[in-house]
Amino acid sequence: MERGSWRKWVASAAVVGMLALTACGGGGNTSSSGGDDKASAASSETKTDFPKKSVNLIVPYAAGGGTDATARALAKEAEKHLGQSIAVVNKTGGGGAVGFTEGATAKPDGYTVTMVTVELTTLHHLNLTPVTYKEFKPIAQINFDPATITVRADSPWKTAQEFIDYAKAHPGEVKVGNSGPGSIWHLSAAALEKDAGLKFNHVPFDGAAPAVTALLGGHIDAVPVSPAEVKAQVDAGKLRTLAIVDDKPSDALPGVKTLEEETGIKTTYLGPWRGVVVPKDTPDDVVQVLTDAFMKAADEPAFKEYMNNNGLGIVIKDGAGFEKLMEEADQSFGELIPALGLVK
Amino acid sequence: MLLQAFFDVFQFNVIGILILGVISGIAIGSLPGLTATMGVALLLPLTFGMSAVTGVLLLIGIYFGAIYGGSISAILINTPGTPSAAATTMDGYPLAQQGHAKKALMVSTISSGVGGTISVFFLIFFAPILADWALEFSAAESFALAIFGLSIITSIAGESMVKGLITGVAGLLIATMGLDPVSGFPRFTFGEVNLMNGLNFIPVMIGLFAASEAFKSMESINFQDKVKVTLNKAGLKWPEFKRIIPTILRSTGLGTFIGMIPAAGGDVASFVSYNEAKRFSKKPEEFGKGALEGISAPEAANNATTGGAMIPLLTLGIPGDAVTAVLLGAFLVQGLQPGPLLFQNHGEVVYALFIGMILANLLIIICGLSGIRLFVKVLDVPKKYLTPTILVLCVIGSYALNNNFFDVWVMMISGIVGYFMQRYGFPASPVILALILGPMAESNLRRALVMSEGSYSIFFTRPIACTLIILAILTLFTPLFRYLWNNHKKRKANSEAI
Chain A
991 MERGSWRKWV ASAAVVGMLA LTACGGGGNT SSSGGDDKAS AASSETKTDF
1041 PKKSVNLIVP YAAGGGTDAT ARALAKEAEK HLGQSIAVVN KTGGGGAVGF
1091 TEGATAKPDG YTVTMVTVEL TTLHHLNLTP VTYKEFKPIA QINFDPATIT
1141 VRADSPWKTA QEFIDYAKAH PGEVKVGNSG PGSIWHLSAA ALEKDAGLKF
1191 NHVPFDGAAP AVTALLGGHI DAVPVSPAEV KAQVDAGKLR TLAIVDDKPS
1241 DALPGVKTLE EETGIKTTYL GPWRGVVVPK DTPDDVVQVL TDAFMKAADE
1291 PAFKEYMNNN GLGIVIKDGA GFEKLMEEAD QSFGELIPAL GLVK
Chain B
132 MLLQAFFDVF QFNVIGILIL GVISGIAIGS LPGLTATMGV ALLLPLTFGM
182 SAVTGVLLLI GIYFGAIYGG SISAILINTP GTPSAAATTM DGYPLAQQGH
232 AKKALMVSTI SSGVGGTISV FFLIFFAPIL ADWALEFSAA ESFALAIFGL
282 SIITSIAGES MVKGLITGVA GLLIATMGLD PVSGFPRFTF GEVNLMNGLN
332 FIPVMIGLFA ASEAFKSMES INFQDKVKVT LNKAGLKWPE FKRIIPTILR
382 STGLGTFIGM IPAAGGDVAS FVSYNEAKRF SKKPEEFGKG ALEGISAPEA
432 ANNATTGGAM IPLLTLGIPG DAVTAVLLGA FLVQGLQPGP LLFQNHGEVV
482 YALFIGMILA NLLIIICGLS GIRLFVKVLD VPKKYLTPTI LVLCVIGSYA
532 LNNNFFDVWV MMISGIVGYF MQRYGFPASP VILALILGPM AESNLRRALV
582 MSEGSYSIFF TRPIACTLII LAILTLFTPL FRYLWNNHKK RKANSEAI
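From first to last, the protein sequence lines are chains A and B. Following my numbering from start to finish, the first sequence increments by one per residue and tops out at 1334. Following my numbering from start to finish, the second sequence increments by one per residue and tops out at 629.
Calculated directly from the structure, the hints in this document are not laboratory data. Do not take every clue at face value.
What the hints assert, rightly or not - Here chain A is said to cover these stretches of chain B; the calculated rule only asks that three of the stretch's residues, wherever they fall, bring their Cβ under 8 Å from a Cβ of chain A:
hint : region
1    : 173 to 187
2    : 237 to 246
3    : 257 to 271
4    : 325 to 333
5    : 453 to 460
6    : 528 to 540
7    : 572 to 585
What you are looking at is a predicted structure, and each value in this text was computed from that prediction instead of being measured. For every residue, glycine included, the Cβ atom is placed at its ideal position computed from N, Cα and C.
Taking the hints into account, I'd like the entire structure generated from these sequences.
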């Protein structure tokens, strides 16, 4: 009897202890990620000994998604050039904001690298997070996907000009699907609206795939999504891409001209991009090591093959080039988002 | 070509990988928090080095296995391993409590395997027709389906309709948290980034079912377990199986159908099938107390959604849910683009996958039935060990979802709320149903109205939408009609007696 009750007491204590640990874990998590450890990072790193241990790559989106898969493919190649393993850590939530925050507030020693996306330059304009691109130091850009104008194969619009003309004559009638309010495809369509003097009926979906599905079903009239997201349907003859909204055609959809070639309309080329960054106080020599490794990784045949198989656009830029892209994107979105009435 | 496909599949390593996939899928599915999507996503990089057929079949094995695996923990410890198994707890757990765990698991295993297999045949023979039909499903139809799903609250409310409706409405209110689906305005987020996309319903589910159950068993952890449930060795008998065959077939049809339409998956299908099984049952009063149909309906349906979900993926290249989105990635990595051209250009791969999918479902039956003896051992574990283990799993499962500690807090708080709900007789299932369907109903209502430029006629002029809304109204008021009818009969009987 006595022995039995003693054992049960221990079991209950273990449960209580576990709960307490859980609680502490939560507290510890927030405090460590909020910690700012500039001094130690600046002094402890010298030019030669980085990296001494494995590097974490934060991915702000769920495992299995496009950004995650790209990050894993890139990390696999970058490991060879870095001489250390790279662990991909998915930190999801807040449409990317949770991962961005985690990456920005990580110890600036180069051991926490973050895969950032175009949302880094949109979310703060939408007042959804305080984090901006200025809190990071860019390592390398690896991808950019342009917008398209894609319609059903049996739609009356055979050229981009016909589409634009119809939309101009019927303001607010053309239903353009996007991947969510304030999402990149919503903003791309809005930029086209502004620059071509059109008015669309924006229909928000929960991601690009449902929007393409709705277009296939004939429930909407057009989608602005990337070549990769419509390629299968275009190849199968179910959808037709009228134009690529970029300064050059896309490898994924050969034969489709750019919007400017088709119609002469100049617009801001907004589309999703991906790149690798570190917290802004990371020492320059560490940044250099990482830049070398990731730039070389992005140039590896295996990585290029992965990108091509997925129809993703390869655009590789070093830190300075990536910085410029983020700056320009941030500025465009800063004008576009308030004009759309999306700011709270 | 078919012969070639047989040779491709019936190879030692392919079969081995498939068995590995199904078994690990079952394990992943039975652990709360580890969902089918996560299992497939985590093993995706492993497939990069494999051949197309082997790699994709590994992931398919995990997917199918995980959807089945969720029922094991749902039945044994009242903890749905995946959202798809939430409906299975309603009759599975009572059966296990009555000592019929073995029978309950047999029903779930056979229903899952049969449902899955039939859905693959739907995929093989009707995929192109069904895919075109699935495209008819737009925002208005999805809204109507969600409303139909919500009307099911009346049949899963349990003992008290009022309490069921209260928890259902509470769930709907919680579901409004997060970004507005049309304007993007953050609602009830209190400036918290983690709430931007609303409350993730999986930690809520783990809390309401698993953690609350663990908290409850802590009350009695210090007492000797005198009244232990004695395991009834009797398995499923032939007459019993014969009785559930119609339920399995009906649920398989519903599951395949719901699986192939965009944005609705096993979770919706299992609740809808449960409701239909109850509607068609001669003894609806047995539901919730341990009806075999109450297990076979959700389990046949959620495994049938797997074949259904593959229909738009393979024929159109469109992923209908998170799992198939990851599977799409697996195809692309292999240089295969799902869509109409896949059948033309890589017919042998498609046939090999079909054969593999049927095998995966048979393996579920084989692994499941032979594993039952092992699974039921969980019931022999004394509470003082089982309870802390379940709580640890709750924490790990909620954290593993997004590697985000916020979800663990959500799980903990839901667990405490769930404990008091259980104590005062408020059912948890309506909350989960509302959390799954609330956002679906809202975003599709708003989307449909954007498409129709504000006209509500879109819900009544489209035949599928209109039918579903009528069904929803019927379902919602059936209990009321039945009550009035019974009263009427009683009064008539009384007056005749007088």
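Results for each hint:
With 3 residues having a Cβ less than 8 Å from any Cβ of chain A, the region 173 to 187 of chain B passes the three-residue criterion, so the hint holds. Coverage of the region 237 to 246 of chain B by chain A is violated in this model, with 0 residues showing a Cβ closer than 8 Å to a Cβ of that chain against a need of three. Only residues whose C-beta sits within less than 8 Å of a C-beta in chain A count toward coverage, and the region 257 to 271 of chain B has 5 of them, enough to reach three; the restraint holds. Counting residues of the region 325 to 333 of chain B whose C-beta lies closer than 8 Å to any C-beta of chain A gives 3; at least three are required, and the coverage claim holds.
Counting residues of the region 453 to 460 of chain B whose beta carbon lies closer than 8 Å to any beta carbon of chain A gives 4, which meets the minimum of three for the stated coverage. Three residues within the 8 Å Cβ limit are the bar, and the region 528 to 540 of chain B against chain A gives 7, so the coverage statement holds. Closer than 8 Å: that is the beta-carbon criterion, and the region 572 to 585 of chain B has 5 residues meeting it against chain A, so the requirement of 3 holds.
The structure fails to meet hint 2 from the earlier list, while all remaining hints are met.
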